[in-house]
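Protein chains: 2
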Amino acid sequence: MLSAAAFEAALRAIGAERYHNLHPFHRRLHGGQLTKGQVQAWALNRYYYQRCIPLKDAALIARAEDPALRREWRSRLVDHDGETEGDGGIVRWLKLAEGLGLDRDYVASTRGILPGTRFAVEAYVHFVAERSLLEAVASSLTELFSPAIIQERVAGMLAGYPFVTRQTLAYFDKRLTQAPRDSNFALAYVIEHARNRDEQELVLEALRFKCGVLWAQLDALYYAYVEPGYIPPGAFRPEGS
Amino acid sequence: MLSAAAFEAALRAIGAERYHNLHPFHRRLHGGQLTKGQVQAWALNRYYYQRCIPLKDAALIARAEDPALRREWRSRLVDHDGETEGDGGIVRWLKLAEGLGLDRDYVASTRGILPGTRFAVEAYVHFVAERSLLEAVASSLTELFSPAIIQERVAGMLAGYPFVTRQTLAYFDKRLTQAPRDSNFALAYVIEHARNRDEQELVLEALRFKCGVLWAQLDALYYAYVEPGYIPPGAFRPEGS
Numbered sequence: 001m002l003s004a005a006a007f008e009a010a011l012r013a014i015g016a017e018r019y020h021n022l023h024p025f026h027r028r029l030h031g032g033q034l035t036k037g038q039v040q041a042w043a044l045n046r047y048y049y050q051r052c053i054p055l056k057d058a059a060l061i062a063r064a065e066d067p068a069l070r071r072e073w074r075s076r077l078v079d080h081d082g083e084t085e086g087d088g089g090i091v092r093w094l095k096l097a098e099g100l101g102l103d104r105d106y107v108a109s110t111r112g113i114l115p116g117t118r119f120a121v122e123a124y125v126h127f128v129a130e131r132s133l134l135e136a137v138a139s140s141l142t143e144l145f146s147p148a149i150i151q152e153r154v155a156g157m158l159a160g161y162p163f164v165t166r167q168t169l170a171y172f173d174k175r176l177t178q179a180p181r182d183s184n185f186a187l188a189y190v191i192e193h194a195r196n197r198d199e200q201e202l203v204l205e206a207l208r209f210k211c212g213v214l215w216a217q218l219d220a221l222y223y224a225y226v227e228p229g230y231i232p233p234g235a236f237r238p239e240g241s
Numbered sequence: 001m002l003s004a005a006a007f008e009a010a011l012r013a014i015g016a017e018r019y020h021n022l023h024p025f026h027r028r029l030h031g032g033q034l035t036k037g038q039v040q041a042w043a044l045n046r047y048y049y050q051r052c053i054p055l056k057d058a059a060l061i062a063r064a065e066d067p068a069l070r071r072e073w074r075s076r077l078v079d080h081d082g083e084t085e086g087d088g089g090i091v092r093w094l095k096l097a098e099g100l101g102l103d104r105d106y107v108a109s110t111r112g113i114l115p116g117t118r119f120a121v122e123a124y125v126h127f128v129a130e131r132s133l134l135e136a137v138a139s140s141l142t143e144l145f146s147p148a149i150i151q152e153r154v155a156g157m158l159a160g161y162p163f164v165t166r167q168t169l170a171y172f173d174k175r176l177t178q179a180p181r182d183s184n185f186a187l188a189y190v191i192e193h194a195r196n197r198d199e200q201e202l203v204l205e206a207l208r209f210k211c212g213v214l215w216a217q218l219d220a221l222y223y224a225y226v227e228p229g230y231i232p233p234g235a236f237r238p239e240g241s
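First to last, the sequence lines map onto chains A and B. Sequential numbering from 1 applies to the first sequence in UniProt numbering. Sequential numbering from 1 applies to the second sequence in UniProt numbering.
Note that these hints are calculated values from the structure, not bench results. It is possible that part of the hints are untrue.
If several chains are the same, the list does not tell them apart, and a pair holds so long as it fits within one copy or across any two.
Stated by the list, open to error - Below, a list of computed lysine to any residue pairs in the SDA-like style, where the Cα atoms sit at most 20 Å apart: (1) 174 x 213; (2) 95 x 66; (3) 36 x 226; (4) 36 x 156; (5) 174 x 232; (6) 95 x 68.
Using the sequences provided together with the hints, build the complete structure.
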């Protein structure tokens, strides 16, 4: 069995190898190399991921026998759904999409998303609903790596795109405090609850799986909107494309 | 299709006919006619129902696409799991059981519950996880009838049992405000979302089902602890029985 330190190092090594900050689509997004239509496609597709997050979090709570775990995980519902109408991460993402010039109702309808987005996101929701609670918690651990990508993204997008404002990216301000709180809890949880080497491997595999969920969403975007640029029938078409 | 008023009247008629305030076990409980051991058996078995409530509520949230519904339903998680350790309805129920002289850890282990309790409660959790969202919401509507039973129960138990104190029954104080808030929301929801006569019938049937879940728990208690009093192997045995 790995020591806590070696286990954490193994988790972080997965991020260093597989987290989606390394994907060519993100390199271009953060480097100011995309067209406005490509940035819109990113925001529109990523909305589907955002809107499904509370569904997977509630699925986890529904399987957690420990009230302390449920209470802790409940804060993720609060983050995404807010306390009142117009509050929370999902609405902030819609504002981001609107700030990029997209129609809010069209984005919210999810009619224009890529099939690859839908399948990757739904695989994540099913994973959390169906695997062990330990694996479900572990699959959230990509948040360990998100503060760095958020800082890079916000700085890069503000510098790279005249159509992007600080206010448009307000979603990420909240995530800079929410994600470390959540990932610290999840990391401590998997270290405590993986009781043998096999369970540690399940945790590592869950994190690899989740890295794949994020990576596959960018693959779909890259293929449809960058290179070769074959937009599937029914999916969002940027103006002039 | 029934008018809103006729639909609500049909729901209330189900309560008038089937709600578990009418069950002989409750008649005895509230009338001061049970032994301490029988009251203990009630509290111990009902704990299993309490502890599963947030699981069914999170299962509902996990299927609710509308953030407003998720936010509203989240308050039920708060009610049962609390904001911090030692808070919330589940802990208050454990205090009730302790106040009746039961060992807290034994109650929390659920080792002593009746098979009939387990099956009825799990049928409820599965119903909420598997039926339509409309039926899942509808199955909570027994709370329409709970303020009356709570007032009758608290008054009856305080008058009928020297071993019951106001503090022991503190769980019910909170429910007097929580249940009407929740059931008003759920009633408005089913009236709005049942779009035709068939869906109204599904709602009515969900409420009948839930009345059965509550009723069956009392049947199991009555059979094991009142008459004929055959306690199944492994289930809680009151001292001296």
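Hints, one by one, checked against the model:
{"no.": "1", "hint": "174 x 213", "verdict": "neither (23 Å within a copy, 43 Å between copies)"}
{"no.": "2", "hint": "95 x 66", "verdict": "between (35 Å within a copy, 17 Å between copies)"}
{"no.": "3", "hint": "36 x 226", "verdict": "within (12 Å within a copy, 74 Å between copies)"}
{"no.": "4", "hint": "36 x 156", "verdict": "within (14 Å within a copy, 70 Å between copies)"}
{"no.": "5", "hint": "174 x 232", "verdict": "neither (34 Å within a copy, 54 Å between copies)"}
{"no.": "6", "hint": "95 x 68", "verdict": "between (33 Å within a copy, 17 Å between copies)"}
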